[in-house]
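Undergrad: Position in the sequence shown (first residue = 1) + 55 = the numbering used here.
Be aware that one or more of the hints could be misleading.
[As the list claims (entries may be wrong)] DEER-style ranges, computed between Cβ atoms:
(1) 57 to 223: 16 to 24 Å
(2) 268 to 364: 23 to 31 Å
(3) 212 to 392: 35 to 43 Å
(4) 215 to 364: 44 to 52 Å
(5) 192 to 429: 14 to 22 Å
(6) 132 to 72: 23 to 31 Å
(7) 361 to 132: 21 to 29 Å
(8) 72 to 316: 34 to 42 Å
(9) 346 to 325: 23 to 31 Å
(10) 320 to 418: 44 to 52 Å
(11) 389 to 445: 17 to 25 Å
(12) 221 to 316: 29 to 37 Å
Bear in mind the hints are in silico, worked out from the structure with no lab data behind them.
Model, not experiment: these values are computed from the prediction.
Note that the Cβ used here is the ideal one computed from N, Cα and C, for glycine as well.
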Amino acid sequence: MLSEEFVSAICGPPLSSNTAISKDIGIYTHTLSPAYSIKSTFKKSSVPVNCLAVSETHVFAAQEGKAYVHVYSRLRGNQEAFVAFPERIRCVTLSGDVLIMGTAEGRLMLWETCTGRLVSTPARHVQAVSCVVATPTHILTGSDDSDIHVWSMSQLLELDSAAEPEPERSLSNHRAGITALSANSSVSASTNFCVSASKDKSCIIWNYQTGDALRTLIFPKFPLCVSLDPSSRAVCASCEDGTLFVTELFGEKPLLGPSSEEASTVIQIESPLGVTPPELGPASCLSMSYDGTVILTGHPRGQIMRWDISEKNKTPVELANVNAAVTNVVFVSPFPTGKPTKTVHIVKPSQAERTYTLAAQLDPLATPESRFDSLLHATGFPKEALESAIAAFEQPDVEFAEKEEEELQKHNQEFWEIMKDERIVQKDAFRIGPV
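Model the full structure from these sequences, guided by the hints.
TA: Structural data, given as structure tokens:
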């Protein structure tokens, strides 16, 4: 059976003198299904909101109020490195082997973990970068200054570029600080969008490649964290009053698409999926499972709660209590990366180097993608499959045509044999004459 795993992180001291939980543990790896359990733990971390990133081989945890990132090896189960940076880290995310960090001074830093290359941008935000999210082609940064910048991934990672990196565009409709960002993984300019949450009590859905605001959602209280479901068909948001909302984007009254209202129409969101019990406090982080059926939320009183999306207005179930404020919950992808290499040991960053060495391990299990896998992972019908289907209709099946020709010849031969026999009978009857 396929297992589901997630990683959680805490920030701050223990809330009580619970001897059953070690005081040094800061990061937990959990198994959600088929049965819940704590799989492993990592020590000595205090991780603020939006400061945890998980790869196939490592866990990266930026430390509260410091310019440090602790790197843990998931393969060996220990702390691999303690990495210092020039500025305090406020948020992190991963794109492949690149760790992307937003700083307290409004700067963006990119660290190639398999080469040690470190790229830094000018401070294009006037306040701290509060959240960052990566897509296959872009990086989006949200800030306390209420702006969202859209950066080109390829431009930031370009070698020997003399020009200072600049954002492609800025999204500036919010009137207060950005609390969270979430983006889908589409590579099409017409279907990729992101969702931003702000202290102005709104979430805005953007086409970040064009800069268009597609829809504005207004909540009763400002959202602390937000996430798109895996198929990008719903927005999940947790607000400061403890309410949890799941808003469908393509329901009976779609919010996006040709059948929706004008983009300028503001939608008031009022009906929550549920409300967190007051003693837990509002969720400071949330994550949705890859099958889109379960939401996990982390709370200031140490609880990790499970919400079933199919059961509206039902009290969530407590999965665990880690005796400290839960600040990050991240599901581990169940899908293989498909990369031929694996970063077993990270290379610490260096801005002084001008030549870099790739440190990676070839994956012996990596095999070329089969036709079935390519069809399974493709969005819609792949172009190659459509072209081959059209060609099959246009070109006759030679084997089928040959078979049809053989059948026709056989039928003709049988027909002439019957006709021949009938002519012989008629000829004999003519010779004998009537009796």
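Undergrad: Against which earlier hints does the structure fall short, listed by number upward?
TA: Violated hints (numbers, rising): 1, 3, 8 and 11; every other hint is consistent with the structure.
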